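Undergrad: Taking the hints into account, I'd like the entire structure generated from these sequences.
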Amino acid sequence: MYEDIQEILEANGITYTTTQIQAFYNEALKLVNIPLLTPTSETDYQHEFQGDTYLTKFCPLQNGTVNLTIDNKKVTPVYVETNSGIIHLPREYSGILRCTYTCGVPSEEVLADLTPIILSLILTGEGKSVASISEGDVSVSYNGGLGSGDTTSLDALVKNVRNKYDCMVRVI
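With my numbering as the guide, the letters of the sequence shown map in order to residues 1 to 172.
Some clues are possibly wrong.
[Said to hold, decoys possible] Taking lysine-lysine pairs in the PhoX-like style, the calculated list, with each CA pair at most 25 Å apart, reads: (1) K73 / K57; (2) K159 / K30; (3) K57 / K74; (4) K164 / K73; (5) K30 / K164; (6) K30 / K57.
Hints in this document: simulated from the structure, not taken from any laboratory. Here the structure is a predicted model, which is why all the values come from computation and not from measurement.
TA: Structure below.
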C-alpha cells in the first residue's frame with residue numbers, strides 16, 4: 001500500500017519501513033480529522049417512500065455496495081451517483097424503503113491525497129537535509145530550513161485535504 005511513498009523517499013536517499021510510514025499515515029489522518037475517510041456500512045430506512053430517486057444520508061458511496069429494497073423486494077437495476085449519494089430507481093415506487101451501502105472514500109484515494117502530508121511529516125519531523133521531494137504530480141517543498149518547526153506548508157496541505165473532503169461528506 002505504501003510502495004509509492006517508499007519509492008519517492010528512496011529516490012531522494014531516505015528509507016522508511018512500511019510500519020514507519022503507516023505511523024505517519026495514521027498521524028496524517030488525525031491531522032485531517034474528517035469523518036468517513038474510513039469506509040463504513042450504513043442502513044437507511046424511509047417508511048413512506050414515494051418516488052424514483054433516493055438520496056442517502058451519507059456519501060460518497062463505494063461502487064457496487066448499494067442494496068435497495070422497497071417493501072422487502074429488491075429494486076434493480078439502480079443507477080448510483082457515488083459522489084453525491086443519489087440513487088436513481090428504474091421507475092416510480094412507493095412503500096417502505098431500506099437501503100444498505102458502504103460509504104467513505106476508498107483507501108487508495110485517501111492515501112493519494114495524504115501522500116504530500118505524509119512526506120511533509122517525514123521530512124520536517126526528521127530534519128532531513130532535503131529541501132523538496134518530487135515524483136510525478138506529487139511535490140513537497142519547504143521554505144526556510146527543515147526541522148525548524150515551520151508548519152505553514154503542512155497546515156496548507158492539511159487544509160487542502162480538509163476542503164476536498166468537507167465538500168464530499170455530508171449528513172442530512
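Undergrad: Confirm or reject each hint.
TA: Results of checking the hints against the structure:
1. K73 / K57: Roughly 21 Å between the alpha carbons, so the hint for K73 and K57 holds.
2. K159 / K30: holds (13 Å)
3. K57 / K74: holds (19 Å)
4. K164 / K73: violated (37 Å)
5. K30 / K164: Measuring from Cα to Cα gives roughly 16 Å; hence the hint holds.
6. K30 / K57: holds (24 Å)
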